[in-house]
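Q: Chains as they are written, first to last, in the working numbering: chain A, 462 to 795; chain B, 462 to 795; chain C, 462 to 795; chain D, 462 to 795.
No wet-lab data here; the hints were simulated from the structure.
Be careful, since some hints might not be right.
Said to hold, decoys possible - Calculated cross-link-like contacts (lysine-lysine; reagent style DSSO-like; alpha-carbon spacing at most 30 Å):
no.	chain 1	residue 1	chain 2	residue 2
1	C	Lys524	C	Lys550
2	B	Lys524	C	Lys592
3	C	Lys550	B	Lys675
4	B	Lys536	A	Lys483
5	A	Lys675	D	Lys524
6	A	Lys524	D	Lys531
7	D	Lys785	B	Lys784
8	D	Lys536	A	Lys536
9	C	Lys524	D	Lys592
10	A	Lys592	B	Lys662
11	A	Lys785	A	Lys531
12	C	Lys550	A	Lys785
13	D	Lys655	A	Lys531
14	A	Lys675	B	Lys592
15	A	Lys675	B	Lys675
16	A	Lys675	A	Lys467
17	C	Lys655	D	Lys536
18	B	Lys531	C	Lys550
19	B	Lys467	C	Lys675
20	D	Lys474	C	Lys675
21	A	Lys531	D	Lys592
22	D	Lys536	D	Lys483
23	B	Lys467	C	Lys524
24	D	Lys550	D	Lys655
25	B	Lys785	D	Lys662
26	B	Lys592	A	Lys531
27	B	Lys655	A	Lys612
28	B	Lys467	A	Lys662
29	D	Lys550	C	Lys592
30	B	Lys467	C	Lys579
No experiment lies behind these values; they were computed from the predicted model shown.
Protein chains: 4
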Amino acid sequence: MIVILKPNIAQQKQAQLIDWLKSMGLGVHISVGEFQTVLGLIGDTTKVDIDLISSLDIVEAVKRVTETFKCCNRKFHPEDTVVSVGSVKIGGGNFCMIAGPCSVESEEQIVGIAKDVKAAGANLLRGGAFKPRTSPYDFQGLREVGLELLKTARAETGLPIVTEIMSVADLELFEDIDVLQVGARNMQNFDLLKELGHTGKPILLKRGLANTLKELLMSAEYIMASGNENVILCERGIRTFGDYLRNTLDLSAVPMLHELSHLPVIVDPSHATGISRIVPPMALAAAACGCDGLIIEVHNDPPHALCDGAQSLRPEEYAALAKKVSAIREIAVC
Amino acid sequence: MIVILKPNIAQQKQAQLIDWLKSMGLGVHISVGEFQTVLGLIGDTTKVDIDLISSLDIVEAVKRVTETFKCCNRKFHPEDTVVSVGSVKIGGGNFCMIAGPCSVESEEQIVGIAKDVKAAGANLLRGGAFKPRTSPYDFQGLREVGLELLKTARAETGLPIVTEIMSVADLELFEDIDVLQVGARNMQNFDLLKELGHTGKPILLKRGLANTLKELLMSAEYIMASGNENVILCERGIRTFGDYLRNTLDLSAVPMLHELSHLPVIVDPSHATGISRIVPPMALAAAACGCDGLIIEVHNDPPHALCDGAQSLRPEEYAALAKKVSAIREIAVC
Amino acid sequence: MIVILKPNIAQQKQAQLIDWLKSMGLGVHISVGEFQTVLGLIGDTTKVDIDLISSLDIVEAVKRVTETFKCCNRKFHPEDTVVSVGSVKIGGGNFCMIAGPCSVESEEQIVGIAKDVKAAGANLLRGGAFKPRTSPYDFQGLREVGLELLKTARAETGLPIVTEIMSVADLELFEDIDVLQVGARNMQNFDLLKELGHTGKPILLKRGLANTLKELLMSAEYIMASGNENVILCERGIRTFGDYLRNTLDLSAVPMLHELSHLPVIVDPSHATGISRIVPPMALAAAACGCDGLIIEVHNDPPHALCDGAQSLRPEEYAALAKKVSAIREIAVC
Amino acid sequence: MIVILKPNIAQQKQAQLIDWLKSMGLGVHISVGEFQTVLGLIGDTTKVDIDLISSLDIVEAVKRVTETFKCCNRKFHPEDTVVSVGSVKIGGGNFCMIAGPCSVESEEQIVGIAKDVKAAGANLLRGGAFKPRTSPYDFQGLREVGLELLKTARAETGLPIVTEIMSVADLELFEDIDVLQVGARNMQNFDLLKELGHTGKPILLKRGLANTLKELLMSAEYIMASGNENVILCERGIRTFGDYLRNTLDLSAVPMLHELSHLPVIVDPSHATGISRIVPPMALAAAACGCDGLIIEVHNDPPHALCDGAQSLRPEEYAALAKKVSAIREIAVC
């Protein structure tokens with residue numbers, strides 16, 4: 462860590478600061494320049510409060526040289542991580558196509574869609590059983606029953622299942638689920654992350670609505686530091702001032718996360734845009750910039766037939782998209 | 462709920478939509494204008510998915526007429542809610558001054574600061590025992606020990622205590638805590654909110670970094686719908702593109718929340734700005750726009766003496782600020 | 462325009478509002494529902510101040526049914542606009558590759574790069590002569606001299622030239638420039654837009670850093686309402702809370718703008734990301750989601766040879782990218 | 462400027478970088494730490510492109526030690542600037558109350574309001590003659606006629622006048638205007654700023670919707686570097702994800718700008734909130750955090766009588782507010 466001091470500060474204040482830094486067990490390398498003094502901190506700076514130091518009135522600026530994320534850092538682990546879910550592999554050149562309805566509604570619905578998306582090219586099935594809803598009066602999901610129905614759909618199709626877990630208290634119920642999803646709103650639910658770190662299960666970690674890439678990686682770090690390296694990062698749109706679309710899909714996160722980390726990065730264009738006719742172009746764009754998979758909402762239920770604009774694709778639309786995605790991937794990654 | 466249809470749509474599509482709306486148990490009042498048709502939905506529209514309807518290709522726009530928040534809505538409860546914490550009252554003209562250190566560190570520290578802030582005019586003591594930290598390698602708080610030390614400080618000073626709860630699993634440990642704080646990162650941890658709704662305890666609910674006022678009120682609604690009306694809302698800065706300061710304190714949230722809701726609204730200028738010398742002007746501004754209390758970081762430990770700029774005020778600074786706050790309140794609310 | 466009134470308002474206030482609306486020459490169609498009254502405004506509502514009406518205390522909400530943008534609205538002009546620049550066509554299936562250095566520096570530099578990018582597949586040359594800089598102390602461009610050098614490069618290569626105009630006062634100097642660029646900071650410099658509307662020249666209109674799609678279209682409308690239909694829209698990254706990259710490239714703007722407008726939409730991945738190694742994946746993503754062209758920074762000057770990370774691509778990198786872009790376009794648009 | 466190099470980089474690349482920096486006329490002071498090398502750049506670094514250097518692949522981070530703003534920097538000019546407008550002084554303990562209608566509409570209107578706001582405590586009159594409007598179809602102001610009407614109102618009341626200039630081309634028309642306002646959308650219209658720098662007139666510079674404090678100061682620097690030191694900064698709300706209110710008033714900008722710069726800082730709560738009943742609490746808050754003045758919309762026209770919620774205050778509301786503002790200022794600044 463580098464601490465740049467302001468010019469012309471009192472010697473005594475500078476000495477006090479250096480003593481205080483040393484009292485935290487750090488080595489301090491002092492470099493006196495023509496205009497300012499720079500302190501290089503040596504030792505374990507992960508515990509140093511950068512905000513505190515930069516708020517000191519004698520300090521001009523502070524810069525971390527070592528990133529605080531370690532387990533997920535590509536610098537210390539140059540090869541891509543490949544997460545295995547049954548026979549499906551994600552990352553390191555392996556692409557996953559996760560599809561399914563927003564919510565599990567009935568056996569007929571989930572089994573039907575599972576068959577449809579499998580035929581259309583999906584290799585994992587998604588479906589919400591525990592649903593985080595902004596309003597307490599909205600449908601909260603079929604919960605345990607929903608999980609059972611997902612297992613039925615898995616038994617019928619062989620597709621591994623991905624579903625969201627919202628609370629440490631529900632962990633036992635998810636024992637037989639293949640991939641546990643942490644939703645955007647829980648990205649910094651640190652107690653949940655720590656517990657998921659103890660499961661060893663593949664975790665699909667969604668970026669929070671207003672979280673930076675560094676914060677996403679620090680949340681992955683919580684899971685990995687607890688011993689679980691099977692983390693899949695997911696970009697799903699961020700909150701901006703934008704009009705017309707629900708969120709702003711930040712696709713530059715894909716190459717940037719790949720540079721910073723060895724973890725696989727997938728993209729959710731359905732939640733990011735909220736409009737089904739915008740989903741295919743954004744799915745193609747995600748494939749073109751090198752993501753390791755796509756998680757897309759697909760439904761087949763008739764009442765929606767009139768909803769050209771809804772967030773979910775119909776199975777036939779998904780099948781057409783899947784073909785283009787794979788053609789684009791071939792060009793993009795070669 | 463009002464659904465405005467696009468001009469010149471097929472009669473059949475319109476009929477399909479109306480049938481579908483009726484199948485959800487809603488009455489539909491059709492108003493045909495010169496240029497477009499407007500549907501008025503009658504009945505319990507809280508379960509209607511506004512995003513789904515507005516994404517239909519025959520729909521121009523959808524507007525809720527009834528807000529989805531009810532328990533916290535001033536329309537249905539015009540008088541200010543007053544939350545009681547022991548003998549301290551918050552809201553409805555009663556102002557609270559919550560102060561204390563970011564983290565509980567030792568008995569000496571927390572008891573010392575408690576005495577200082579009480580003398581300086583605080584009527585509640587804050588201090589972090591369970592700390593949500595972006596990094597798993599950062600200090601996570603003294604946890605149970607920290608809670609015990611807070612109780613010691615309460616015993617010594619008589620100040621009720623406020624501290625953050627991060628997980629449903631810790632609920633028992635907080636039985637003897639006076640005010641349970643939900644941090645910004647957990648504002649949409651719905652399982653936690655529901656459980657807190659069953660406690661009956663005063664809850665200090667902080668606005669999430671990138672959450673709208675409506676989302677904050679819906680989170681309050683989760684607590685209240687579970688039966689607990691003792692909710693205190695807290696503005697603590699939002700995430701923007703801003704430079705120099707950690708977050709952007711959104712003070713217009715104070716009068717706006719007062720208009721929308723009967724719940725008390727307090728402000729945290731310490732976390733919002735991250736720089737102690739900016740805390741006093743923002744605390745005065747918060748008082749001037751009508752907030753019901755302030756939660757401010759205060760410390761007394763010598764190593765910080767060199768940190769003019771750190772986030773925490775020294776007790777003497779806090780005492781001076783408290784006097785100005787109360788003078789400004791007198792002018793602002795008269 | 463639809464005005465939804467609050468429930469249970471005084472008859473007199475409602476009558477006052479209706480009279481006032483009629484005094485502006487509007488017809489008012491009143492629809493009384495079970496819970497609320499809805500007013501349909503008939504006539505030229507483009508001059509109605511929606512903010513004023515929605516701020517009235519008897520008004521619940523206001524919705525425009527007719528969009529305020531007309532000339533650029535796809536509803537009134539369903540076919541794609543094709544902008545012609547010499548023999549180059551942009552839009553309606555025609556893709557443009559605009560490339561060149563950030564700033565024109567010398568004849569040798571600009572002619573050299575022009576030849577390189579032409580060989581690599583570009584069909585228009587860009588280069589800054591008048592440079593908008595945040596600081597008055599930064600290099601402001603070669604100005605008139607820069608424009609002359611661009612013309613020299615055009616004469617040598619046949620590539621039409623694109624360069625930024627910052628002020629109405631400079632308009633004469635740009636008479637012989639092929640495409641006039643309006644930079645992000647000037648997107649709402651309405652006097653400049655109006656004047657450009659009188660030129661008839663192709664205008665490349667960049668989206669402002671924090672402007673919505675509707676605002677971008679309204680700025681295009683300023684140019685078109687003055688009589689110039691040759692407008693090319695450009696997404697170049699928006700300002701968010703993001704870390705690591707300079708801006709957040711909002712690629713979902715591409716399909717959304719195509720839906721709303723018939724104007725061509727191009728993408729600038731260089732300014733959006735600020736890091737050359739992130740430019741190629743974002744350029745591919747832009748092509749995959751259907752944009753009508755790319756504007757990319759390319760340089761060939763040796764001192765930069767050490768800057769792997771700078772914003773500009775080297776000619777050989779650009780050539781490799783151009784091939785992939787065209788392969789991806791073939792898949793995406795088929 | 463401090464350049465922190467990455468660990469373990471090739472000696473040759475480091476040497477190339479240093480040579481290149483020296484070729485720009487900079488001295489380079491090299492400090493080799495245990496983990497990384499830090500370069501201190503000596504000389505005129507204002508022309509150094511920080512983005513370019515930080516994008517080099519051998520560079521970890523770059524920090525400016527000297528800020529790029531000089532004329533407006535408090536470090537080089539510790540005393541508050543006082544801007545004089547006739548007999549009115551702004552800054553350095555002098556508070557201004559600028560009030561008037563959004564647009565000048567007629568002689569009767571502007572003279573009437575001018576008298577009203579003068580009686581209510583205003584010492585400057587505002588009114589829009591040239592109006593920047595998002596839509597070309599919206600009312601663009603009375604232009605020259607509006608300026609004449611403002612002068613009439615000044616003649617009748619003695620109040621100096623403040624009005625917006627949108628273009629260099631209009632400069633002559635503003636010769637007899639007291640304070641020239643640069644609107645938020647033109648904050649980075651650098652050609653306009655430069656020309657205003659040559660006028661010597663007081664300039665009210667509004668912060669752009671999505672501009673940082675540093676960018677605001679750099680725009681002030683454009684005016685000052687051209688020789689005009691009479692710059693008044695104005696916070697008027699920034700664009701965020703917020704609901705309910707038009708913009709988010711960033712009041713922490715007030716103390717922060719006062720720390721960074723010696724220029725006066727005023728606040729516009731009318732445009733920031735867009736709802737008249739939220740204007741008074743935000744005006745009080747602005748006064749409480751130390752601003753040097755308020756610019757507030759006031760109207761007296763009868764059709765608005767029904768608009769409790771519109772953005773403008775009525776004269777009697779303004780008079781009541783003015784009294785509270787001055788009481789709060791007395792407490793806040795003592």
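Q: Look at each hint and say if it fits the structure.
A: Now the hints, each set against the structure:
With a CA separation close to 38 Å, the supplied pair Lys524 (chain C) and Lys550 (chain C) exceeds the 30 Å bound. For the hint linking Lys524 (chain B) to Lys592 (chain C), the alpha-carbon distance of about 45 Å lies beyond 30 Å, and the restraint is violated. For the proposed pair Lys550 (chain C) and Lys675 (chain B), the alpha carbon gap of about 47 Å is over 30 Å, so the pair is violated. Taken as a hint, the Lys536 (chain B) and Lys483 (chain A) pair is broken in the structure, with Cα atoms around 58 Å apart against an allowance of 30 Å.
About 20 Å separates the Cα atoms of Lys675 (chain A) and Lys524 (chain D), which keeps this hinted pair within 30 Å; it holds. Under the criterion of a C-alpha separation no larger than 30 Å, the hint pairing Lys524 (chain A) with Lys531 (chain D) is consistent with the structure, at around 24 Å. Distance restraint check for Lys785 (chain D) and Lys784 (chain B): the Cα-Cα separation of roughly 18 Å lies within the 30 Å cut-off, and the hinted pair is therefore satisfied. Annotation: proposed proximity of Lys536 (chain D) to Lys536 (chain A) is violated, straight-line Cα distance about 40 Å (limit 30 Å).
Only pairs whose Cα atoms come within 30 Å are accepted, and Lys524 (chain C) paired with Lys592 (chain D) is accepted, the gap being roughly 24 Å. For the proposed pair Lys592 (chain A) and Lys662 (chain B), the alpha carbon gap of about 26 Å is at most 30 Å, so the pair holds. For the proposed pair Lys785 (chain A) and Lys531 (chain A), the alpha carbon gap of about 36 Å is over 30 Å, so the pair is violated. Only pairs whose Cα atoms come within 30 Å are accepted, and Lys550 (chain C) paired with Lys785 (chain A) is accepted, the gap being roughly 26 Å.
For the suggested pair Lys655 (chain D) and Lys531 (chain A), the alpha carbons sit about 49 Å apart, so the restraint of at most 30 Å is broken. Restraint check: the Cα-Cα separation between Lys675 (chain A) and Lys592 (chain B) comes to about 19 Å, which is no more than 30 Å; the hinted pair holds. As the CA atoms of Lys675 (chain A) and Lys675 (chain B) are separated by approximately 28 Å, the hinted pair is consistent with the 30 Å bound. Distance hint between Lys675 (chain A) and Lys467 (chain A) is fulfilled; the C-alpha atoms sit about 28 Å from each other, no more than 30 Å.
For the proposed pair Lys655 (chain C) and Lys536 (chain D), the alpha carbon gap of about 42 Å is over 30 Å, so the pair is violated. At roughly 57 Å between alpha-carbon atoms, Lys531 (chain B) and Lys550 (chain C) are farther apart than 30 Å, so this suggested pair is violated. The suggested pairing of Lys467 (chain B) with Lys675 (chain C) holds, with an alpha-carbon distance near 19 Å, which does not exceed 30 Å. At roughly 47 Å between alpha-carbon atoms, Lys474 (chain D) and Lys675 (chain C) are farther apart than 30 Å, so this suggested pair is violated.
Pair hint Lys531 (chain A) plus Lys592 (chain D) does not hold up; C-alpha atoms about 54 Å apart against a cutoff of 30 Å. At most 30 Å may separate the alpha-carbon atoms for a hinted pair to count; Lys536 (chain D) and Lys483 (chain D) meet this at roughly 28 Å. Restraint check for Lys467 (chain B) and Lys524 (chain C): the C-alpha separation of about 12 Å stays at or below 30 Å, so the hint holds. Of the pairs offered as hints, the one joining Lys550 (chain D) and Lys655 (chain D) holds, with about 24 Å between alpha carbons and a cut-off of 30 Å not exceeded.
In summary, the hint linking Lys785 (chain B) to Lys662 (chain D) is not supported, as the alpha carbons are separated by about 37 Å, beyond the 30 Å threshold. As the CA atoms of Lys592 (chain B) and Lys531 (chain A) are separated by approximately 21 Å, the hinted pair is consistent with the 30 Å bound. Only pairs whose Cα atoms come within 30 Å are accepted, and Lys655 (chain B) paired with Lys612 (chain A) is accepted, the gap being roughly 28 Å. Restraint check for Lys467 (chain B) and Lys662 (chain A): not satisfied, since their Cα atoms lie roughly 48 Å apart, outside the 30 Å limit.
Simply put, Lys550 (chain D) and Lys592 (chain C) have alpha-carbon atoms about 36 Å apart, too far for the 30 Å limit, and the pair is violated. Annotation: proposed proximity of Lys467 (chain B) to Lys579 (chain C) is violated, straight-line Cα distance about 47 Å (limit 30 Å).
Hints 1, 2, 3, 4, 8, 11, 13, 17, 18, 20, 21, 25, 28, 29, 30, counting from the list given before, are not met by this structure.
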